[in-house]
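Undergrad: Listed here are the chains, written in short residue letters.
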Amino acid sequence: MTSRKNTLQAWLFLGPALLLLMAFSFWPVGFGSYLAFTQYNLIDAPVWVGLDNFRELFADELFISALKNSALYLLVVPAIQVLALLLAVLVNNQLPGIKFYRAAYYLPVVTTVSVIGVIWNFMYTDDGALNAVLRWLHVINEPIGWLSDDRIALFSVMFVTIWRGLGWYMVLYLAGLQSVPQDVYEAAVLDGANAWQRFWKITVPLLMPTILLCSVMSMLAAVKCFEEVQIMTKGGPMQSTYTALFYAYEFGIKSLNFGRALAASLVMSVFCVALAWLNFRYLQPRKK
Amino acid sequence: MEKTLPMPRAATAKKINMNKLANRTLHYLVLTLLAVITVYPFWWTLVTALSTSGDVFTYPPRMWPENPGLDNFVEVFQTIDVIAFYKNSIIISVLTVAGTLVVCSMAAYPLARMQFPGRNIVFGAILATMILPSEVNFLVNFITVSKLGMGDTYTGVVLPGLAGAVGIFLMKQAFEAVPNDLVDAARVDGATEWQIFWHIMLPLARPALAALTILTLVAAWNQYIWPSIVMASPDKFPLSVGVLYLSGAFSFKIRVVAAGAVLTVLPILMVFLFTQRYFLRGFDGAVK
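Residue numbers (this note's numbering), protein chains in the order written: chain A, 1 to 288; chain B, 1 to 288.
Only true hints are included.
Derived DSS-like pairs (lysine-lysine); straight-line CA-CA distance at most 25 Å:
1. Lys99(A) to Lys20(B)
2. Lys20(B) to Lys201(A)
3. Lys253(B) to Lys234(A)
None of these hints come from the bench; they were simulated from the model.
When you get a sec, could you build the whole thing from the sequences and use the hints?
TA: Below, the structure written as structure tokens:
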């Protein structure tokens with residue numbers, strides 16, 4: 001086999017993918033980091049401004065509160081992971097109709113986020129289904145302004161994130177559960193362990209790698225969340241639902257202030273890398 | 001396990017059966033409650049889209065359509081150019097699927113079956129794209145696409161997403177599973193690498209190609225933020241973006257908006273219902 005010809009062929013096969021990855025995955029990181037230190041509006045050439053963008057960013061109360069909201073968004077992680085694991089355990093069997101349930105939980109995952117926004121705007125209006133059900137159950141007397149009250153709008157948006165992510169993580173956990181050998185459970189049953197003990201002493205330890213992976217994935221997704229905001233609230237009411245990436249989106253795509261937008265997203269990226277590092281540093285199951 | 005547990009032997013067979021029945025009932029109760037939470041918002045939207053009279057918001061919330069009919073759907077077609085939106089969604093989805101299959105399987109072949117210098121570096125680089133905070137790429141990619149004159153074009157929407165690490169890994173695994181003997185025999189017979197790729201690898205990797213097709217199709221149909229950024233003229237919007245045009249301009253016509261939402265998700269939910277196993281299997285190797 002002539003190895004030079006072989007090498008050339010290998011690179012020809014890889015060519016299209018590598019070109020695309022260069023242009024649309026690596027270039028954004030490099031060029032984006034550079035633009036964070038410039039003033040750039042898509043038309044004129046970028047002008048180097050040093051740390052100005054970052055100074056303006058941290059002087060902007062809106063960005064600070066957006067950053068806080070993104071950090072607050074991490075609250076969805078435990079909720080989504082616990083519920084998804086519970087769901088996976090509940091559907092990890094051959095009970096009649098179980099396939100129907102699995103599909104039902106996955107439905108939001110295959111629905112476009114724009115329609116999810118439309119549907120939840122219906123659910124959340126003053127006389128919408130959510131308030132109606134709560135009134136019917138006598139939990140509340142007055143309708144709650146789920147998306148119009150600036151104290152709770154962010155939490156309403158977070159709930160939608162949980163709702164649409166559950167099925168995705170359920171499937172990942174389901175795959176993990178199915179790789180746990182069944183005879184371990186049978187032995188535990190013979191030893192008299194109840195379902196609760198089997199869950200904590202067998203399922204959770206054996207699923208630790210999956211739990212770690214899913215937690216990191218959902219943490220990064222949570223701090224970078226902005227699609228739901230863009231569709232449901234546009235940052236309002238009173239800018240209470242701005243997240244850091246929504247801020248970047250508004251400044252970049254809407255106002256063409258790319259310097260400021262990319263400075264914001266650079267801050268986010270550093271935050272994300274730190275978060276991922278912390279996770280792998282402290283949550284990694286200890287190897288003996 | 002250190003605790004001594006009550007032995008099941010002590011219980012009578014009848015009691016065990018009662019316990020089992022109670023457990024099973026509780027199991028289904030929890031499953032159903034969670035399914036109601038995930039499915040009801042969809043159901044409400046469908047019911048509202050099919051109702052032709054009465055109040056939109058009722059107390060308690062509506063369970064069945066009132067005077068069921070298709071008037072609202074007709075009105076959607078009269079209000080916005082749904083046919084054009086469908087056409088755009090189909091064009092974007094078909095181009096994305098075809099491009100992804102070509103680019104990813106071509107890149108996967110040398111990684112799976114060829115030895116050449118730089119192989120590990122390339123593999124590492126592709127892996128690295130999974131760690132990069134790709135959600136912030138849209139800002140620079142918007143600049144790139146505009147500068148390349150691909151703003152407001154299908155190419156601009158489709159191109160950046162074609163080379164995905166997940167797709168490349170999926171195909172790489174499939175190619176690695178092809179028996180060595182087949183490839184060696186072909187090489188002895190003087191087949192070129194391209195012929196091996198085209199006549200041996202691709203036909204044998206059909207299940208992986210099918211999986212990649214379905215997953216890419218659903219993702220392409222559902223993507224919202226990126227096409228909404230690239231496309232400037234409304235007649236080029238895919239459905240996922242167009243449906244928001246409806247909910248923005250005609251938000252007072254709740255039933256019509258609901259019908260638009262149904263029209264948007266219906267095709268992809270059909271695809272999902274017939275191809276569930278590709279999603280609910282947990283992408284076996286792709287994640288691990």
